[in-house]
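Colleague: Sequence:
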Amino acid sequence: MIEVQRTMLDGRLATIRFTSRRDGDLGVRSSAVGQVREALDRRPWTWLNQVHRDRVVRVSSPGQHAGDEADGAITADAGCVLSVQGADCAPVAFWSPQGVAGVAHVGWRGALHGIVERTVETMRSVGATDIYAVLGPHIRPESYEFASEDIQIVIDRFGESVAGRTIDNRPALNMTSVLRAAVDNAGARIDFDTHLCTSNDQWYSHRVRSEPGRHGAIVVIEEADASA
4 MIEVQRTMLD GRLATIRFTS RRDGDLGVRS SAVGQVREAL DRRPWTWLNQ VHRDRVVRVS
64 SPGQHAGDEA DGAITADAGC VLSVQGADCA PVAFWSPQGV AGVAHVGWRG ALHGIVERTV
124 ETMRSVGATD IYAVLGPHIR PESYEFASED IQIVIDRFGE SVAGRTIDNR PALNMTSVLR
184 AAVDNAGARI DFDTHLCTSN DQWYSHRVRS EPGRHGAIVV IEEADASA
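When the letters of the sequence shown are read in order and numbered with the working numbering, they come out as residues 4 to 231.
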């Protein structure tokens, strides 16, 4: 488990956690996902049926929009547990000093659809002005061979830096560069990158190991005294 905490201007805390294989399978089809969620946070969760698009839900009460088809969620309310799952796609958390937090599931298709920009836009709609992104574990170019025709589509949107090479010198997609470009396009800034690759077996990987399991990102705004 990786945890990042940031203090907002009103004194509340944006708490961001990235789970690993050791924390359990957060895949929505896992028979044990309910127990895994409860072990990580006993409050109701907003979890999403992810579809690689750009829908973002606004959550104002714990568990609201649970199971919705969406790839992002934001909140300005304390105690709302937001989550996304991944197994190569990037779980990206967002926070704003103005008291808003969010999370998005970002693969290359979702990036092309504008999920990062839509998440930032939705945060701005509830008062966020300065917005920061925290990049969770995702597949890095060394392990992400990619068809050249598909790479060109991503290059056309995000620039040449998204083209990479695998460890054995095959064409690859650099998802980190995709994320950085998307965050920049949205007018937000990178706060922190875990610099971790899902090819490492601490995490689940569909591409490297054909695994059905999912790790996740969990984002929640806590009242200032909640962590005391």
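Be aware that a few hints might be false.
Now the in silico label distances, taken between C-beta atoms and shown as ranges [claimed, not checked]:
#, residue 1, residue 2, range
1, D196, I158, 20 to 26 Å
2, R32, N172, 33 to 39 Å
3, N172, S34, 17 to 23 Å
Simulated from the structure, these hints should not be mistaken for laboratory data. Virtual Cβ for every residue (Gly too), placed ideally from N, Cα, C.
Colleague: Run every hint past the structure and note whether it holds.
Modeller: Tested hints:
1. D196 x I158: 20 to 26 Å: Holds: the Cβ-Cβ distance is about 21 Å, inside 20 to 26 Å.
2. R32 x N172: 33 to 39 Å: Holds: the Cβ-Cβ distance is about 36 Å, inside 33 to 39 Å.
3. N172 x S34: 17 to 23 Å: violated (41 Å)
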